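Colleague: Residue numbers (our numbering), protein chains in the order written: chain A, 23 to 131; chain B, 595 to 876.
Honestly, the hints are just simulated from the structure, not real lab data.
Check each hint, because a few of them may be wrong.
Derived DMTMM-like pairs (lysine to aspartate or glutamate); straight-line CA-CA distance at most 25 Å [unchecked claim]: (1) Lys-74(A) with Asp-50(A); (2) Lys-74(A) with Glu-26(A); (3) Lys-74(A) with Asp-703(B); (4) Lys-74(A) with Asp-613(B); (5) Lys-74(A) with Asp-40(A); (6) Lys-74(A) with Glu-41(A).
These numbers come from a predicted model, not from an experiment.
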Amino acid sequence: MLGEFEYLLLAASARLGDEAYGASIRQDIEGATGSACSVGAIYTTLDRLEAKGFVQTWMGEATAQRGGRTKRMVRVTARGTRAAADFHRAVLRASQGVSWADAKGGVRP
Amino acid sequence: MSRICWRLVDRLSLLLARDERDAVRGDLVELRVSAGRALVEVLGLVMRRQAALWMQARPWLALLGLAVPLTMALSLLARWYAEGAAIHAFMFVDNWTWGVLESPGARRDLARVSATVALDLLALFSWSWTTGFVVGALAGRTRWVHAAACALVLAVEFLAVEQPHHAGHAEVFELTFYSTALPLLLRAALVLAPLWWGARQGARRGALGPLPTMLVAIVIATLTALDTRTFMFAGMFGWWRLQAGWQLLLFQGALVLPAGYMLVAAVRRQWAPRPTQTQPGW
Chain A
23 MLGEFEYLLL AASARLGDEA YGASIRQDIE GATGSACSVG AIYTTLDRLE
73 AKGFVQTWMG EATAQRGGRT KRMVRVTARG TRAAADFHRA VLRASQGVSW
123 ADAKGGVRP
Chain B
595 MSRICWRLVD RLSLLLARDE RDAVRGDLVE LRVSAGRALV EVLGLVMRRQ
645 AALWMQARPW LALLGLAVPL TMALSLLARW YAEGAAIHAF MFVDNWTWGV
695 LESPGARRDL ARVSATVALD LLALFSWSWT TGFVVGALAG RTRWVHAAAC
745 ALVLAVEFLA VEQPHHAGHA EVFELTFYST ALPLLLRAAL VLAPLWWGAR
795 QGARRGALGP LPTMLVAIVI ATLTALDTRT FMFAGMFGWW RLQAGWQLLL
845 FQGALVLPAG YMLVAAVRRQ WAPRPTQTQP GW
């Protein structure tokens, strides 16, 4: 089972496709969640996902925009896609019959 | 302030693997993160990485099995050698007279003393370098902790332990240079500096080639054997006295241990199976 942040990272990488790397993933997650995430969270989670076989990473080319430094490119594997889909289904199942619309007043079944 | 922060970010990033360092610094530049935030983020990543490294046995083995006990031994040796060097320097430098060169006996004494001191200092440097090399090879990116621990051990051994000088040479050790500066200088130049240098080399290379390793092992074994007499003599004046023959052997064994490890690592690397190349069509 994936962790919450692992799922966010997989979703961002899948959405970005060939443009998935450290900085772009971070921007995507921050845009989606509205909260800041650190470089440490991104890179340690990427290592964990890579160790589980859910993503592949490799060093990309250096660009002037990055001061001549290389990118760590990310690609979601078939196994990662299955794990993300399972997580998504589990969240949908767990959310059935629960409405979060009225967040101020607590949970309304 | 911002420039100082970016410099700190650069220095801290050195504790990350090369590829990761490049990617992280590039991300921070691309996202135009402020210097203060970059510093906090890189510090956070470094701490996570260091914590993960310390979950393995090798950094602990390098710290508790090698760095701390051998630095203690090397510091003790530096104390002994500084004592001998001070007495001889006082005799031949502070009380120099050209008459020494005119007398064949005094000339022989000067040559023997110079050779002994040079041998002692070379041995101290070599033991420190090999110890540093093995610590670096085992510790990898945690070696800065080991370096700090070595510096701490040297400082404690120097500051906290009283120096029992040879009673017959009180005049020599009344001089601050011989009682304080020389022992400090020897620890810095012949223990700490080669330890750090060796650790850097060890972390980068892991093992030397078979030929350089053989050379290092021969040098270490020869210097250790030649210095046996010095150990026995120096043990009489150190704060820790070598009581019996087995203690001397243990002490010498500990000093040659890193060179032995280097030899084993070089042989293992030489005999390790190399990746085979598949031929198309086979």
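Colleague: Could you run down the list of hints and mark each one as holding or not?
Modeller: We went through each hint and held it up to the structure:
For the hint pairing Lys-74(A) with Asp-50(A), the CA-to-CA distance comes to about 22 Å; that is within 25 Å, so the pair holds. A C-alpha spacing of about 15 Å is found between Lys-74(A) and Glu-26(A), which places the hinted pair at or below 25 Å, so the restraint holds. Distance hint between Lys-74(A) and Asp-703(B) is unfulfilled; the C-alpha atoms sit about 70 Å from each other, more than 25 Å. With a C-alpha separation of about 20 Å, the suggested pairing of Lys-74(A) with Asp-613(B) holds against the 25 Å cut-off.
For the suggested pair Lys-74(A) and Asp-40(A), the alpha carbons sit about 21 Å apart, so the restraint of at most 25 Å is met. At most 25 Å may separate the alpha-carbon atoms for a hinted pair to count; Lys-74(A) and Glu-41(A) meet this at roughly 22 Å.
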